[in-house]
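Participant: Using the sequences and the hints, build the whole thing.
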Amino acid sequence: MNGISSGFGAWNPIAWTLLFAGIFAVAALVRSLGRADAKRGSEQSKVFLSGNDEPSDAAGLHVRGDHLYWGLVEGLAGYYRRVQAMHTGVITDYVAWFVGVLGLVFVILVLVR
Amino acid sequence: MNVGNVPFVVAALLVVLGLYTFLFKRNLIKLVIGISLIETGVNLFLVALGYRTAGIAPIYTLAPAGRMVLPTPQALTLTSIVIGLATTALLLSFAVFVYRHYGTLDAGKIKELQG
Amino acid sequence: MNSGMSIIVRTVTRFVYGLVIIFGFYVIMHGHLTPGGGFQGGAVVASGFALLLVAFGAAGVKGRLNAHWLQTLEEVGALAFLALGLLGIGTAFFYNLLANGGGLFGAAAGSGPNTGVLNSGGTLPLMNWAVGLKVMTGIGSVVIVMLVAGREKEAE
Amino acid sequence: MNALTVHAPVLLVAVPLLGAFATPLVGRFGRSARNVFVGSVILFTGALAGLMAAHVFGLGEPLVYVLGGADGFGVPLPSGMQVPVRILFEVDAMSAFMALITALVALAGTWYSFSYWRERSGGDLYHSLLLLLTAGIFGMELTGDMFNFFVFLEVTSIAACGLIGFRVWLKHSQEAGFKVMALYTLSGILVLLAVGLLYGEHGGLNIAYLASRVGGSLVDRIALGLLLTGLAMKAGAVPLHMWAPDAYGEAPAPTSAVLVANSQASLYGLFRILFTLYGATVSVGALGWILIAFALLTIAVGVTMALVQRDIKRLIAYSAVSQIGYMLLGVGVGLAVSVARPEFGRTAMHGGIFHMLNDAACIGLLFLASGAVIRASGTRDLNKMGGLAHRMGWTTGFFLIGALALAGVPPLNGFASKFLIYESSFRLSPILAVIAILASIMLLAVFVKVFQAAFLGPASREVGEASTGMLVPMAVLAVTVVILGLFPGFFIDRIVAPAASALWSGRDLYIRAILGG
Chain A
1 MNGISSGFGA WNPIAWTLLF AGIFAVAALV RSLGRADAKR GSEQSKVFLS
51 GNDEPSDAAG LHVRGDHLYW GLVEGLAGYY RRVQAMHTGV ITDYVAWFVG
101 VLGLVFVILV LVR
Chain B
1 MNVGNVPFVV AALLVVLGLY TFLFKRNLIK LVIGISLIET GVNLFLVALG
51 YRTAGIAPIY TLAPAGRMVL PTPQALTLTS IVIGLATTAL LLSFAVFVYR
101 HYGTLDAGKI KELQG
Chain C
1 MNSGMSIIVR TVTRFVYGLV IIFGFYVIMH GHLTPGGGFQ GGAVVASGFA
51 LLLVAFGAAG VKGRLNAHWL QTLEEVGALA FLALGLLGIG TAFFYNLLAN
101 GGGLFGAAAG SGPNTGVLNS GGTLPLMNWA VGLKVMTGIG SVVIVMLVAG
151 REKEAE
Chain D
1 MNALTVHAPV LLVAVPLLGA FATPLVGRFG RSARNVFVGS VILFTGALAG
51 LMAAHVFGLG EPLVYVLGGA DGFGVPLPSG MQVPVRILFE VDAMSAFMAL
101 ITALVALAGT WYSFSYWRER SGGDLYHSLL LLLTAGIFGM ELTGDMFNFF
151 VFLEVTSIAA CGLIGFRVWL KHSQEAGFKV MALYTLSGIL VLLAVGLLYG
201 EHGGLNIAYL ASRVGGSLVD RIALGLLLTG LAMKAGAVPL HMWAPDAYGE
251 APAPTSAVLV ANSQASLYGL FRILFTLYGA TVSVGALGWI LIAFALLTIA
301 VGVTMALVQR DIKRLIAYSA VSQIGYMLLG VGVGLAVSVA RPEFGRTAMH
351 GGIFHMLNDA ACIGLLFLAS GAVIRASGTR DLNKMGGLAH RMGWTTGFFL
401 IGALALAGVP PLNGFASKFL IYESSFRLSP ILAVIAILAS IMLLAVFVKV
451 FQAAFLGPAS REVGEASTGM LVPMAVLAVT VVILGLFPGF FIDRIVAPAA
501 SALWSGRDLY IRAILGG
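Protein chains in written order, with the numbering used here: chain A, 1 to 113; chain B, 1 to 115; chain C, 1 to 156; chain D, 1 to 517.
Rather than coming from a laboratory, the hints here were simulated on the basis of the structure.
For every residue, glycine included, the Cβ atom is placed at its ideal position computed from N, Cα and C.
Among the clues, some could well be false.
[What the hints assert, rightly or not] Here's a subset of chain C near chain B, in silico, CB distances under 8 Å, partners left out:
id: 1; residue: 33
id: 2; residue: 34
id: 3; residue: 35
id: 4; residue: 39
id: 5; residue: 113
id: 6; residue: 114
id: 7; residue: 115
id: 8; residue: 116
id: 9; residue: 142
[What the hints assert, rightly or not] Okay, derived cross-link-like pairs now, DSSO-like style, lysine-lysine, Cα gap no bigger than 30 Å in a straight line:
id: 10; chain 1: B; residue 1: 111; chain 2: D; residue 2: 384
id: 11; chain 1: D; residue 1: 171; chain 2: B; residue 2: 30
id: 12; chain 1: D; residue 1: 384; chain 2: B; residue 2: 109
id: 13; chain 1: D; residue 1: 384; chain 2: A; residue 2: 46
id: 14; chain 1: B; residue 1: 25; chain 2: B; residue 2: 109
id: 15; chain 1: D; residue 1: 384; chain 2: D; residue 2: 171
id: 16; chain 1: B; residue 1: 30; chain 2: B; residue 2: 109
id: 17; chain 1: B; residue 1: 25; chain 2: B; residue 2: 111
id: 18; chain 1: D; residue 1: 171; chain 2: B; residue 2: 25
id: 19; chain 1: D; residue 1: 171; chain 2: B; residue 2: 111
id: 20; chain 1: B; residue 1: 109; chain 2: D; residue 2: 171
id: 21; chain 1: B; residue 1: 30; chain 2: B; residue 2: 111
Facilitator: Here's what the structure looks like:
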């Protein structure tokens, strides 16, 4: 009833959720078998930053939006240069794209019966 | 060329002229004029579509004898003119506000939203 | 510079604007018989408003044309149009309940070329009036807003 | 079948329209009177959509409503043939499905607006335009007439641009308003030109009548090209998408959600034209591959552009663009194989159409959550945000649900529809599925970026949780997302499959409902 089948593969979210609940239960079980002698409030519960002290300037620690995926964006720099050049922000360019696509669609529709 | 085709040629010319204006002019007001030109071309096309040679207006009040032109395209044209009025008014008021904010009507300079 | 145009224009406007508005009402009224109707007639009336505004300036018509009231009337016109559509909902939306009923606008119109009966058309003339009201007030308030808003900014 | 159900198609347009015109009048009695009025109008509209959908899904054939007509659709000619000249609403399962989506998004968006619109003035006109936009979208989805489709298209264009540029004191909203309106108008005019061409060729405007006459002549194909490009532009397919980030980004947050429903209505129009109006009279293979090409470009460019955005609303806007690609991909695969009709074509249609519902719920939820984020942090720049999760637990949760669902993380609803699209497009060509899956992974990365930048990190400033009036619509959409995700089979059987069949194999039924025989 709640599963779907593509005729090729199948997907049942309830079964999947149950499976994950089971995996979670096992993980919780393993965790509960861990050390019981950990002390809260001592050095053991502090953040471990390569042995350095936790900086007092907490706001400076936040990784800002632009810093994420810097490497990926840098790696795709050539692609992004072209694609961002496409979004000029000038309305007449947008219309030019429209007219171009219109022409292309015409050509395809007229050539292919 | 059949003289009956002249309105269609003119309509096509108007559309092409409007597209040219839209593509190659940079002033926002001129762009609005370009849109209006395309609109007029399409309206002319619709009216010409309904015309029958030597037809009379499709009104029964005191109608003389004779073939009538098709009323439907005229109704379509009227609707399209009304819509055109609204869109042109809206576009022009946007142009006014853009001019107030940016101090220019040059489409090439109004591109803070990009990328 | 709100004082309007020259005395010639203003005098001619005094003569003409009434005629323009009456012609607009005529076009609305005969919408179901002759070319025209609510939109066209309303636009003609609104052009009368525009004439007043251009001739006398925004200050000159202050108190006579009030954008606030025009906008209220515009909504009333639109609501009246929809109400007329809902009138026929017993059969179908936009069903012409009054046509050929003998009452208001209920006279039967002849088929084929005829001289036209003003009292025919059922809900159509009423819809023309509703649309006419909406268009004349709508375009009128657009004209006023554009003119007045423009002047305010210049004065700053 | 009571009177309300019979008249539901026209009331779905008339009631929001009535509400739109009455709102400024009711607004004279104060803000709460207006909110009660608008809220009840939109609730009634939603109930009507539900009623109509239940009726149409049970009917098994299109529901026809004749405006002003007591006696059938047409004028009998001396030859005995009926020409459908009356204005018709023709509602099949696909239209009803779209009406449900629109009702859901409009309901959430309008209720959210009550709390979101805090400016002292302008609220009346804002809600008026929102109702007008809703009425226009319903009209596009329910009409059975090409010219009326154009009229409703323009109604949505004008209302949408009015909303985008509503905050005239914001510089960028005016720029966006002009650009979007210019492009909308251009696409509208070209649609009108196509309607004129079809009228000149076949002498009718009714979709069913035109469908029975279209034969694939040159004029027909030129009209198809105009319609295809014009509607693809309004749907926001790359490379005609440039208006979309401007529009979604600069509009007020609840409006952005409704604008997505507007784009989907254009997409619906495109599908209606391709499947019902033209059907197999033109080369469906070529058309299908045109759609697939649009789809791949849209998916790839949308998601990669989303990754580099700094503005949270522009970022969500680009991900909305990329999701349009998935719908195009599903339906495009279906169209490309619709003559041979292998089983995976139907599966692809299910995926594409189910994704419309999922996308509307997820993107709607994300836009509403982004509105709360912008309210709280006072900026749209992701670089200046951070730490919102400390105080905005509910908003964070809802955003997370929407983001994960949109990125296709199981068990949420985005995965269910994307699963069908992956599996079926793989059968047509593996490369399609590969691109779709890669883009989906990248979309998850995009939302990880937003989540990290906006919600995680130390709490830098005092912010409060969004108001209840904003949280409840988000909760409604979030619950929808979860339910759609947990019971996809139920929804696919009950509403998606009939809608897909209406396009895939319902052309004859659609024509017969009007022309008989």
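Participant: Hey, does the residue 114 of chain C contact hint survive, CB to chain B under 8 Å?
Facilitator: Holds: closest Cβ of chain B sits about 6 Å from residue 114 of chain C, inside 8 Å.
Participant: Using Cβ atoms only, decide whether residue 115 of chain C comes closer than 8 Å to chain B, and label the hint accordingly.
Facilitator: holds (6 Å)
Participant: With a cut-off of 8 Å, does the beta carbon of residue 113 of chain C approach a beta carbon of chain B closely enough for the hint to hold?
Facilitator: Holds: closest Cβ of chain B sits about 4 Å from residue 113 of chain C, inside 8 Å.
Participant: Against chain B, run the beta carbon of residue 34 of chain C and see if the smallest gap drops under 8 Å.
Facilitator: holds (6 Å)
Participant: Residue 25 of chain B and residue 109 of chain B: Cα distance at most 30 Å?
Facilitator: The given pair, whose Cα atoms are some 13 Å apart, holds under the 30 Å limit.
Participant: Is the Cα-Cα distance between residue 109 of chain B and residue 171 of chain D 30 Å or less?
Facilitator: Holds - the C-alpha atoms of residue 171 of chain D and residue 109 of chain B are around 14 Å apart, at most 30 Å.
Participant: Quick one, are residue 25 of chain B and residue 111 of chain B close enough, alpha carbons at most 30 Å?
Facilitator: holds (15 Å)
Participant: Does residue 33 of chain C hold up as a contact with chain B if the rule is Cβ-Cβ below 8 Å?
Facilitator: holds (5 Å)
Participant: Is the straight-line distance between the alpha-carbon of residue 171 of chain D and that of residue 25 of chain B 30 Å or less?
Facilitator: holds (23 Å)
Participant: Going by Cβ atoms only, is residue 35 of chain C closer than 8 Å to chain B?
Facilitator: Constraint on residue 35 of chain C satisfied, holds at 6 Å.
Participant: CA of residue 384 of chain D to CA of residue 109 of chain B, is that 30 Å or under?
Facilitator: Judged against 30 Å, a Cα distance of about 27 Å means the pair holds.
Participant: Given the hint that residue 171 of chain D pairs with residue 111 of chain B, test it: the Cα-Cα distance must not exceed 30 Å.
Facilitator: holds (11 Å)
Checked against the numbered hints given earlier, the structure satisfies every one of them.
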